[in-house]
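*Asks:* Starting from the known structure of chain P, arrange chains C and G on it as the hints suggest.
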Amino acid sequence: MNVKAVVKALEAYTSCDVADALSKLKVPHGGFLAGLTMWSPKRQDGPTKVVGPAYTVRYVRKNYENEPQPSGHYIDSIPSGSVVFISAPARSINACYGGLMSTRAKYSGAVGTIVDGRLRDLQEHRDLDYPVFARDVGTTAPAETMRVAAINEPVRLNSDDQDAVINPGDILVGDLNGVVCIPQHLAEKVVELIPSQLEADEKVAADIKNGRLVAESMKEHRSGVKKR
Amino acid sequence: MNVKAVVKALEAYTSCDVADALSKLKVPHGGFLAGLTMWSPKRQDGPTKVVGPAYTVRYVRKNYENEPQPSGHYIDSIPSGSVVFISAPARSINACYGGLMSTRAKYSGAVGTIVDGRLRDLQEHRDLDYPVFARDVGTTAPAETMRVAAINEPVRLNSDDQDAVINPGDILVGDLNGVVCIPQHLAEKVVELIPSQLEADEKVAADIKNGRLVAESMKEHRSGVKKR
Amino acid sequence: MNVKAVVKALEAYTSCDVADALSKLKVPHGGFLAGLTMWSPKRQDGPTKVVGPAYTVRYVRKNYENEPQPSGHYIDSIPSGSVVFISAPARSINACYGGLMSTRAKYSGAVGTIVDGRLRDLQEHRDLDYPVFARDVGTTAPAETMRVAAINEPVRLNSDDQDAVINPGDILVGDLNGVVCIPQHLAEKVVELIPSQLEADEKVAADIKNGRLVAESMKEHRSGVKKR
Chain P
58 MNVKAVVKAL EAYTSCDVAD ALSKLKVPHG GFLAGLTMWS PKRQDGPTKV
108 VGPAYTVRYV RKNYENEPQP SGHYIDSIPS GSVVFISAPA RSINACYGGL
158 MSTRAKYSGA VGTIVDGRLR DLQEHRDLDY PVFARDVGTT APAETMRVAA
208 INEPVRLNSD DQDAVINPGD ILVGDLNGVV CIPQHLAEKV VELIPSQLEA
258 DEKVAADIKN GRLVAESMKE HRSGVKKR
Chain C
58 MNVKAVVKAL EAYTSCDVAD ALSKLKVPHG GFLAGLTMWS PKRQDGPTKV
108 VGPAYTVRYV RKNYENEPQP SGHYIDSIPS GSVVFISAPA RSINACYGGL
158 MSTRAKYSGA VGTIVDGRLR DLQEHRDLDY PVFARDVGTT APAETMRVAA
208 INEPVRLNSD DQDAVINPGD ILVGDLNGVV CIPQHLAEKV VELIPSQLEA
258 DEKVAADIKN GRLVAESMKE HRSGVKKR
Chain G
58 MNVKAVVKAL EAYTSCDVAD ALSKLKVPHG GFLAGLTMWS PKRQDGPTKV
108 VGPAYTVRYV RKNYENEPQP SGHYIDSIPS GSVVFISAPA RSINACYGGL
158 MSTRAKYSGA VGTIVDGRLR DLQEHRDLDY PVFARDVGTT APAETMRVAA
208 INEPVRLNSD DQDAVINPGD ILVGDLNGVV CIPQHLAEKV VELIPSQLEA
258 DEKVAADIKN GRLVAESMKE HRSGVKKR
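Chains as they are written, first to last, in my numbering: chain P, 58 to 285; chain C, 58 to 285; chain G, 58 to 285.
So that you can see chain P by itself, here it is in the shape it has in the complex (with noise of 0.2 angstroms):
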């Protein structure tokens, strides 16, 4: 897979196309990882789209020993163009990230971060103009609770209702509708499949403003679209 030339692609999509394409490509619930919404620039409002192969970190709760300790801190290794993944352990009241993690991300070239718990300091990364997705929000730091674990590991959604996992590597691709993930592997293809689906619902859009019937216009319009 040529990344740069996907997420150059992707750029042009809503986090909705993509979804569209998975959901082709029979991914569960089209990629979509639910909760995840955008705060920073802006709360769930404006263009802001955020597109690139995850860099994930795993943290766990202090008590949990027998996890492995990773050297040096993850956030002074994120390659230029990644998309952050920062876990937090399930119902975590404090945060795992914030406006110091963003100064750098934003120094290293990585385009977002998505936090699959609480961020804080909510003005600095809106001062930053740095795309920040997040469960909730807070106030508090990791370090009573919680700790780096695992860096550039697979990490599992924190759900009741969707098993989702997010691989180092993963296309994460979020905007004002939410994050969806996709598989490394299925990138170029997510590529290749939008652009007909895309035209089929112009079309449809047009034909609906002219008074047409939503179902008529579908039927025709959707039969061509590209499936695999």
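Bear in mind the hints are in silico, worked out from the structure with no lab data behind them.
The reader is advised that the hints may include incorrect statements.
The list treats identical chains as one, so a pair stands whether inside a single copy or across any two.
[Claimed, not checked] DSSO-like, lysine-lysine: derived pairs with alpha carbons at most 30 angstroms apart: (1) LYS99 <-> LYS163; (2) LYS83 <-> LYS106; (3) LYS83 <-> LYS119; (4) LYS266 <-> LYS106; (5) LYS61 <-> LYS266; (6) LYS119 <-> LYS246; (7) LYS119 <-> LYS163; (8) LYS106 <-> LYS163; (9) LYS260 <-> LYS81; (10) LYS276 <-> LYS119; (11) LYS260 <-> LYS83; (12) LYS163 <-> LYS266; (13) LYS83 <-> LYS65; (14) LYS283 <-> LYS119; (15) LYS246 <-> LYS61.
*Replies:* The following block gives chains C and G in isolation, referenced to the frame of chain P:
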């Protein structure tokens, strides 16, 4: 009931005014449907108010094979002036409402859509300046996991804490505070009850700004409020 | 404690700065009260900061007949400079705070209200430019389901994940990141601890912008930070 006259009268009031009247009429929780908030045209901001009779759509999980299968697409039969109420299966990850649906709903003269589930294509609804309320956002089309089973039949609110039913023709009222459902047979009564309570509250507000005790002012001005 | 001096000093800091100090003082979760976010004057946006001693109000379910029944209306006795903290019964559908209450609270010189439950009349609070934090929005007055049982007594946070108590006189701090509760006897200590940690963080931020490793910079600048 003269629906048009009722709707026109209700447009002058907030969802809270309506809930106050429904509370007097012993409707549980004043008709409030918790968890459904404004996503378009803005996120919980601005003067948007949606009022109209409910046109209901019930989705079921795709593997519920014994549920009925309506013919045609629900979106092609929306009466002008309606509020579309879409009920997704509980805790759905996939969205059940998107941009093409709002394009058609607007063409049909619907005044807004309320999604008891996830909406997708958020920017499209905003670009249409079409009001959409929902439980949350999402990215993924419904077809993988659900399908429509009923149109214009009663639907039950997805809730762990509330037992509420929305009937076709009930008057739905949505604004910044959320969504209220007025049982059809009480709608005219609601319109009758509101002015007297509003007038009392305005007098209390004026008293407060002059330094009068709230307890005292409420006692005086609320004693004459029409109760039923 | 000189409450006025403490409040004035804290107004210069964020809720995260406060939580950092409370973490050093071993207050669980740095005093963060999860789930209470800003609804007015804006939804999670802008420079609003609320700081002041808590004036607490506890609602109970209406059928709890053996709970006490205070005389007068709690809203008529708010001391100037307070933060009103309203505790609703867990998982309430009805709201426990509305526009008339903010009208009076503002008249009394309260600096903001935090609702561990639902607020209603959202536009009225915004029109008053009065800060309100809450768990969620709602439409319906409390009288159907709850009533006040206690004023200026300790209240417990509504939470499945946290065990936190807000005592009258504790200093509440609210901003974009959420709400932090400073136990009264620690408030002066918090004010003493913050400047040294802030100074260190500013040095780390400057280092990061010059390309220095975060791990290295934190090691240097945080070593001298005042711990207690």
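*Asks:* Does each hint fit the structure? Answer for all of them.
*Replies:* Status of each hint after checking the structure:
1. With identical chains, the CA atoms of LYS99 and LYS163 are at most 30 angstroms apart both within one copy (17 angstroms) and between copies (28 angstroms).
2. Taking the shortest alpha-carbon separations for LYS83 and LYS106, only the intra-copy value of 24 angstroms comes in at or below 30 angstroms, while the best inter-copy value is 39 angstroms.
3. For the identical chains of this complex, LYS83 and LYS119 are inter-copy neighbours only, at 15 angstroms across copies versus 37 angstroms inside a copy, given an alpha-carbon limit of 30 angstroms.
4. For the homomeric pair LYS266 and LYS106, the shortest alpha-carbon distances inside one copy (28 angstroms) and between copies (24 angstroms) are both at most 30 angstroms.
5. For the homomeric pair LYS61 and LYS266, the shortest alpha-carbon distance between copies (26 angstroms) is at most 30 angstroms, but the shortest distance inside one copy (37 angstroms) is not.
6. In this homomeric assembly, LYS119 and LYS246 come within 30 angstroms of each other (Cα to Cα) only across copies, at 26 angstroms, whereas the closest approach inside a single copy is 40 angstroms.
7. In the homo-oligomer, the alpha carbons of LYS119 and LYS163 lie at most 30 angstroms apart inside one protomer (28 angstroms), although the nearest pairing across protomers, at 43 angstroms, exceeds that limit.
8. Within a single copy, LYS106 and LYS163 get their C-alpha atoms as close as 15 angstroms, and across copies as close as 27 angstroms, so both meet the 30 angstroms cut-off.
9. Proximity of LYS260 to LYS81 under the C-alpha cut-off of 30 angstroms is restricted to the intra-copy arrangement: shortest distance 20 angstroms within a copy versus 50 angstroms between copies.
10. For the homomeric pair LYS276 and LYS119, the shortest alpha-carbon distance between copies (20 angstroms) is at most 30 angstroms, but the shortest distance inside one copy (55 angstroms) is not.
11. For the identical chains of this complex, LYS260 and LYS83 are intra-copy neighbours only, at 25 angstroms inside a copy versus 49 angstroms across copies, given an alpha-carbon limit of 30 angstroms.
12. In the homo-oligomer, the alpha carbons of LYS163 and LYS266 lie at most 30 angstroms apart only across protomers (9 angstroms), although the nearest pairing inside one protomer, at 43 angstroms, exceeds that limit.
13. In this assembly of identical chains, LYS83 and LYS65 lie within 30 angstroms of each other by CA distance solely inside one copy; the values are 24 angstroms within and 47 angstroms between copies.
14. Taking identical chains as interchangeable, the C-alpha atoms of LYS283 and LYS119 lie at most 30 angstroms apart only when they sit on different chains, with a minimum of 23 angstroms there against 49 angstroms within one chain.
15. In this homomeric assembly, LYS246 and LYS61 come within 30 angstroms of each other (Cα to Cα) only inside a single copy, at 15 angstroms, whereas the closest approach across copies is 51 angstroms.
The structure fails none of the hints (numbered hints given earlier).
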